[in-house]
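**Student:** So the sequences go chain by chain: S and D.
Under the working numbering, the first sequence has 43 at position 43, and the numbering climbs by one with no breaks.
Under the working numbering, the second sequence has 15 at position 15, and the numbering climbs by one with no breaks.
Any given hint could turn out to be false.
What the hints assert, rightly or not - Derived lysine-lysine pairs resembling DSBU-like cross-links, with alpha carbons at most 35 Å apart:
no., chain 1, residue 1, chain 2, residue 2
1, S, K85, S, K215
2, D, K144, S, K54
3, D, K52, D, K38
4, S, K54, D, K85
5, D, K38, S, K85
6, S, K62, D, K67
7, S, K181, D, K23
8, D, K38, S, K188
9, S, K188, S, K85
10, D, K38, D, K67
11, S, K85, D, K23
12, S, K62, D, K85
Said to hold, decoys possible - Some chain D residues close to chain S (C-beta under 8 Å, calculated; not the full set):
no., residue
13, N4
14, L7
15, F20
16, M22
17, V25
18, L29
19, I33
20, R39
21, L44
22, A45
23, A46
24, T91
Simulated from the structure, these hints should not be mistaken for laboratory data.
A virtual CB, placed ideally from N, CA and C, is assigned to each residue, including glycine.
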Amino acid sequence: MAANGNITVQGYINHHLTDMTVGEGFWAINLGALGWSIILGSLFVISFALVGRKATTGVPGKFQCFVEMIVEFVSGSVRETFHTKDRLIAPVALTIFMWIFLMNLMKLVPVDWFPTIAGFFGLLLNGSALPEYAQNYSYLEQIMSHPWSYLKVAPTTDINIAMGLALGVFVLILGYSIRYKGVGGFAKELSLTPFNHWSLIPFNLVLELVQLISKPVSLGLRLFGNLYAGEVIFILIALVGLGQLPLHFAWAVFHIMVILLQAFIFMMLTIVYLSMAAEDH
Amino acid sequence: MDINATLIGQSIAMVVFVWFTMKFVWPPLNNAIEERQKRIADGLAASELAEKDLEKAHEQVAAELNKAKADAAEIIEQARKRATKLVDDETQRGQEEREKIIASGHAEIEAERNRAREELRKQVAILAVAGAEKIIQREVDAAKQSDIVDKLVAEL
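Put together the whole structure using the sequences plus the hints.
**Tutor:** In structure tokens form, the structure reads like this:
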């Protein structure tokens, strides 16, 4: 959408980077990001569960083949890296991979589609929510000014979503460390490596805690950074006007790789971190 | 964009989805895959076994065939031998029969000749007697001159 009239370029970019929220301050919830995240996660678990329920051990259908290919792929990745027998890690890896992949995939939807549709229905069903200043705007601008049009559809471009996933992985890392090494073993690892001497315990502790914390932080920020940067480029391309079509196509094609790669990297690093937590080193 | 409660919401959603996947998604799919892998492995093993059986059967058939051929050849050989022997025997018997018949024929001919000769002698004797009768132009007592006739017969 070209920026003209009452909507400025800066306003347009801000609009697309702002999500619909409820609540105030820390307790605000980004409805667009979390909503789509839950919708896509449900889409994944329900479709896979349906396939799993009807799974035949004979000749599989096409969709079952596709699903089994993904399961096989995740299972292979887990088996290569995580050598202890564990019935939680493979489902975790599958969930993370498919969920992040679907959330990233939403970025290929042109940035204006869902906000325009949501704004249109907002104006139609809840016209009184239109801000005072937009009363004299053109119809299209009214649509884009309606609070419902602040709808982010690509959840992983929201740092809360990426860090939320990383937080889940962090909890799993702590859980695996304690489960496989015991509380004492985990404490010993934090305080007595890399220098096994009592006088260096504070130093070790700082080193190990930084290492421990850096895992989820880097995990979440990597995903968020890649996707957010890509999203900003998509928004900038959308500002170009009609010339955006070839540019959008080129960037979208390039982004297919990022979408898949970031989902894979997140899954792979989760497996690696968990196997590190489970094994002595 | 700030860190807010969305983070907590996302973490909770993750726990729920992971639990759901662990409970309802992963086990059936993984079981199906593993079950199929097992079935394929079993099928391959069975087909290998069947192939071996087939090979064995082929070998057995070939052996049976060879044996049957050898048997047939032996039977044919025996039959030929027997036929030859039969023909030889028959030929020999026929030969013997022929010789016997010929010999008996010879003997018969000889006997016939002897008889004919004897008959001839007798006829000649009668003729001689008749001739003599005519020669001497008189009644001759055949019995009285029989010694002369006998002498004549013996000279024949």
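**Student:** Decide, hint by hint, whether the structure agrees.
**Tutor:** Now the hints, each set against the structure:
no.: 1; hint: S:K85 / S:K215; verdict: 23 Å, holds
no.: 2; hint: D:K144 / S:K54; verdict: 148 Å, violated
no.: 3; hint: D:K52 / D:K38; verdict: 21 Å, holds
no.: 4; hint: S:K54 / D:K85; verdict: 82 Å, violated
no.: 5; hint: D:K38 / S:K85; verdict: 20 Å, holds
no.: 6; hint: S:K62 / D:K67; verdict: 54 Å, violated
no.: 7; hint: S:K181 / D:K23; verdict: 26 Å, holds
no.: 8; hint: D:K38 / S:K188; verdict: 44 Å, violated
no.: 9; hint: S:K188 / S:K85; verdict: 24 Å, holds
no.: 10; hint: D:K38 / D:K67; verdict: 43 Å, violated
no.: 11; hint: S:K85 / D:K23; verdict: 17 Å, holds
no.: 12; hint: S:K62 / D:K85; verdict: 79 Å, violated
no.: 13; hint: N4; verdict: 4 Å, holds
no.: 14; hint: L7; verdict: 4 Å, holds
no.: 15; hint: F20; verdict: 5 Å, holds
no.: 16; hint: M22; verdict: 4 Å, holds
no.: 17; hint: V25; verdict: 4 Å, holds
no.: 18; hint: L29; verdict: 5 Å, holds
no.: 19; hint: I33; verdict: 6 Å, holds
no.: 20; hint: R39; verdict: 6 Å, holds
no.: 21; hint: L44; verdict: 15 Å, violated
no.: 22; hint: A45; verdict: 17 Å, violated
no.: 23; hint: A46; verdict: 16 Å, violated
no.: 24; hint: T91; verdict: 78 Å, violated
Going through the hint list in order, the structure does not satisfy hints 2, 4, 6, 8, 10, 12, 21, 22, 23, 24.
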